[in-house]
Each structure stands twice: as structure tokens, then as C-alpha cells.
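Chemist: In order, the protein sequences belong to chains A and B. With the numbering used here, letter number 52 in the first sequence gets 52, and the count goes up by one each step, no holes. Every number in the numbering used here is 1000 more than the matching position in the second sequence, counting from 1.
What the hints contain is simulated information worked out from the structure, not anything from laboratory work. All the pointers check out, no bait thrown in.
Straight-line alpha carbon distances no greater than 27 Å define the calculated DSSO-like cross-link-like pairs of lysine-lysine that follow: (1) B:Lys1186 <-> A:Lys84; (2) B:Lys1002 <-> B:Lys1196; (3) B:Lys1305 <-> A:Lys81; (4) B:Lys1186 <-> B:Lys1002; (5) B:Lys1305 <-> A:Lys84; (6) B:Lys1189 <-> A:Lys81.
Pairwise CB distance ranges, derived in the manner of DEER restraints: (7) B:Ser1137 <-> A:Lys81: 42 to 48 Å; (8) B:Asp1278 <-> A:Met59: 28 to 34 Å; (9) A:Gly29 <-> B:Lys1144: 50 to 56 Å; (10) B:Met1172 <-> A:Asn87: 27 to 33 Å.
From the three backbone atoms N, C-alpha and C, an ideal C-beta is built for every residue, glycine too.
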Amino acid sequence: MQFIYSGITSGSIFALVALGFNIIYNTTGIINFAQGEFVMIGGMLIYTLLSIYGIPLFMAVPVALLLALIIGILFDKIFIKLVKVPNEINLITVTIAAATIIRGLAMVIWGRNTLNVSGYIPYSVISFPGGSLTSNSLLVIAVSLLTAFSLSLFFKKSSLGKAFRACYNDKMAASICGVDVGHIRMLAFGIAAFLGVVAGIVTAPITYVTYTDGVMVGLKGFAAAILGGLGNFWGGVAGGLLLGIFEGFFASILPSGYKDAFAFLIILFVLFLRPMGLFGKKKAERL
Amino acid sequence: MKKINYLFLFTILLILVLTKLLIKNEYYLSIVIFGLFNAINASCFNILLGYTGIISLGQGAFYGIGAYCAVITAASYGISPSIAILMASFFSGILAFVVGYPTLRLHGHYLAMATLGFGMIIYVFMNEMAFLTGGPSGFLDINKFTLLGMSIYGESEFYIFVASMFFVFVVMFELFDKSFLAYKLKFIKESEFASKSFGINIFRTKLLTFSLVAAITAFNGGVYAYYAGFISPVSFNFHYSIQLLTMAIVGGVGSVSGGIVGAAILTALPEFMTAIEDYEMVLYGLFLAVTIIFLPEGLSGLFKKIVGKNASN
Chain A
1 MQFIYSGITS GSIFALVALG FNIIYNTTGI INFAQGEFVM IGGMLIYTLL SIYGIPLFMA
61 VPVALLLALI IGILFDKIFI KLVKVPNEIN LITVTIAAAT IIRGLAMVIW GRNTLNVSGY
121 IPYSVISFPG GSLTSNSLLV IAVSLLTAFS LSLFFKKSSL GKAFRACYND KMAASICGVD
181 VGHIRMLAFG IAAFLGVVAG IVTAPITYVT YTDGVMVGLK GFAAAILGGL GNFWGGVAGG
241 LLLGIFEGFF ASILPSGYKD AFAFLIILFV LFLRPMGLFG KKKAERL
Chain B
1001 MKKINYLFLF TILLILVLTK LLIKNEYYLS IVIFGLFNAI NASCFNILLG YTGIISLGQG
1061 AFYGIGAYCA VITAASYGIS PSIAILMASF FSGILAFVVG YPTLRLHGHY LAMATLGFGM
1121 IIYVFMNEMA FLTGGPSGFL DINKFTLLGM SIYGESEFYI FVASMFFVFV VMFELFDKSF
1181 LAYKLKFIKE SEFASKSFGI NIFRTKLLTF SLVAAITAFN GGVYAYYAGF ISPVSFNFHY
1241 SIQLLTMAIV GGVGSVSGGI VGAAILTALP EFMTAIEDYE MVLYGLFLAV TIIFLPEGLS
1301 GLFKKIVGKN ASN
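The task is simple: from the sequences and hints, build the whole structure.
Modeler: Okay, here's the thing in C-alpha cells:
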């Protein structure tokens, strides 16, 4: 049973990353292969603010989140907007390029070593029926779910959120009704980076931070998004949690080294059997 | 139909011969050999992306499968390395067929994800199945390479072998580029809908291309294993697939010279940059980003444009 609890912990991180993928996919139709790098940057930022500048936590978190928004917006301005021939392959490739640059810069700035971030709350073990969770893991789950809920409220209730949803449905119609689509796209990257940094901050005390962290987290978040149905908000959350639990289950019955392979094996099966994901609707294809 | 570009083939042959005559330093020769391996792989990637429109982020895995299968079969059954490499290549082609059968129905980022996932699975298996693959440290002391009873050993002899292999590959690629098949593939890339209505079996064509390319990549991988004398999973991971993507795109997709130019530049680059080694990854990313943003047709596209302008003047 323990695997369910550890699965939910890693799954809620995949869920946050998957949400970032979905928001960008819905507004631009592209997959941002740099989403995982945002998570890594989140860990790095919080490490720098807390351990190097010695800023207290309650101030460090807002600063890191603000920086995340700026990074996301710059990402859109520097990489996405400039692509002259914005077909699918070029856009995928430019995000891969951006991810490589961010990873390389992180290595230059923070070095190759794993950086240690101390826990935000006192360490304790809380037991549940059939297993237990550490206080840090509980924080991860709580923050992730809270973020997902507030984000869904933002999309449902606020007028900016409505503009987002209008862009999802029909960009042309939205722009006729006075929605600035370019602005929304820029904000989408901001929010995606924000989600990544949230994930990075909450996981830093558990996994610590290394400059290569982004690759695996990003790929699994993408896998979670596909599992739940690309572009589907709650599908992404459910996909993340399911992927986490599956992975925890495989890790508990097989050598844990194979864990990463199984996450992708599940994804291959989903792609073969149900490419629209578990909760996605079938879209009309051009072919 | 365009004519076969004999000038291009002759230039390649000339460069290969001159390299052999001029470069005596073994270290530099080894870099050229690595460049040739990369050039074949990047060109294979180019056939997939530039001609057929298949974005495969798992090419590193096929390269690795070729290397591992050749070494494992040769070592455990005591067969000649050249036959083992052929077997590895055949096996990799079959595997690509099996993997491609469900995946090639997907498009764009779904296909990117599926091939990437395949690459990751193979990488994990290479690391974890230590009883077969030697685990993360891989194989050391791979036997010497023999071809028709001749033992090929050392940089100089290997250069002759790899360079001839490369030249044969380039000639084949050039013939392919001017053949009806290349037009058919580009038609599929341009519009699947239109090509389907012309009676082309898109799926079968894509699948055969994918399998054949995987077989060539694996053959290359087998030779690489015997040249390097040492293989470990790190050489065949996700980053290698991304490097191939970078090479093909920087050089220019959809042309014979693209992958070769890209591989030459990006293999040589780190050698000039040993002082700022830490920035290598950033530079790779910048190269890729700048090419996509400013030169959608890559360096060979830029070159053609410049030559074309001069000719029209």
C-alpha cells in the first residue's frame, strides 16, 4: 500500500507539470519541451534565495514565483515569437533548443553538483492506513492540489481566465471579440513557468536539485498530459496522479531501476490504444 | 527529375582523400572518424525528418542497439564481427518495423513522444540489464574488427574503412535523393491527404523508410562499437538523439549535404572550444535556436541561396 502514497507524491508533481503542458498546448498548439527545465529552475531559484542570499522563506517564495512569470514571458518573447516558419516541427525544435540552453546555463551558473535545500516545515512522519507519508511529501501534495484548484477557479471565474478559454476554443473568434491572443499566449507561458517553479520549490527538499533534473520530470509530465488527454485540465491532474501510482507500483514489485522505463511503456500503450488519452475527446483529424 | 550531382560526390571524395593524406595526427584523425559516424546518423535522421516528415527522437537507441547487438552476438557465439554487425543491423530493422507499426500512425508531437519513449526504454534496459549489457559501465575491450580475414586496427586503417563506408553511403543517399522514391516521400511530407488520394500507401512507405533507416543507423552503430573498442549506454541516450536533431537542422533538412555539414560543424566545434567547455551545451542550444529562427533551411540552404544569387547576377 505504501506505493500509493509515494505514487501520489510524485504524481502530484507530474500533475503540475502536465498542467503546464496543457495550458501551453491549448493556447499555442505546441508542446513545450522546456517545461521540465522550469521545474529545475524553480529548485535552483529557491536554493539561491534561501541558502545564498539568506532571504526568509515567506519572502523567497513570492520572489521566486515572480521571477518564474518573468522567465516564462521572456521565453515566449525570445524563442517562440521569433520563429519565422512556425510549423509544428520547428516549434517543437525551438523548445528543445531553449531547454538545452536553459540546462546549459544552469550548469554554468549552479555547477554540476546536487544542491541541498533544507525542509520548509519540521520533519515528521504521518501514518495513514496501510502506509505513511513524511511532512514534506504531504506539503507537496497539498500545494499541488491547491494550485490546481486555484488555477481552475481562475479559468472559470476571472475575466482573464475566460479570455484564456475563449482562445482554447477558437483563436480567430476570440480575437474578433477583442481578446489579445498574443497577450494571452505570453501569459500562458508565464503561467506554465509559474507552475513549473511551484513544482520545483516544493520538491527541492525531497529530491534536491541538479541541473539535469528537468529532463525526466518534463518527459514524465508530458507523459501524464498524454495519459489524461492532451489539453484536458483535470485529465492532466488525473493523468499525473495515475502515472505516479503506476510507477510506484512497478517500483515496488520490480527492481527500481526499471521504474523510468515503465512510465514510458505505459505511455506507448496509451498512444497505441487510445491516442486521445484516457479522458480526452476524439478530435476530428485532417487525415 | 534532377541530375545526379557528380561535382558534390567528387568534392566529398576529394575531401576524404585529402584528409587521409594531410592529417597524420592520430587524435585529429579520430575526431574525423567520429564526425563521419555522426554524419551518417545525422543524414539518416535527415531522411526521416527532411524527406518523410517523421520526427524520431529515438535514433540514438537504434545506434545503440546496433552497437550492443553486434558486440554481444560476436562475443557470445564467436562469429566474425562483420557478420555480427550485419545481423545487428537486420535485427534493428525488424525492431524498427515492430515499433513503427503502431507509432507511425501518430503525428507531430505524439510521434515525437512515442519515439522518445522508445529511446528512453532502450536506454533504461541498457543500464539495468547488466547480465547482458554490462550495465552503466558497458563493455570494455571489444575484440578486434576483422573483415574478410583482414584485421582492421588503429586510426589510420579504421579511417580508410569508415571513409569508404561513408562514401558508399553518400553515393547511395545521392542516388536516393534523385530517385522517384525521394519525390514520393517529400510528397507525403508535403501533404498526406493529397498523396493518399494519388494512391500512395503512406503508412507502408513510412514504415519501410523508418525500418531501413534504423537498419543503416544500427550498422553504423556496430562499426562504431568496434572502432571505439568500448561502449556504454551514455553514448546512445536522449542527448545523442537531440544532437543528431541539431546536426540535421543546423545543416539543413531535406538535402543530401545537410546532415554532413551539420555533423562536421558540430563535431568539430567542441574541439575548438576546450577553453570554454562548460558552455558547450549552451552553444548547442543557441546553434539550434538561431538556425530555426533565422535560417529555416539550415546552412546548406543559406549556401544554396548565396550561390543562386551570384548565378542570377
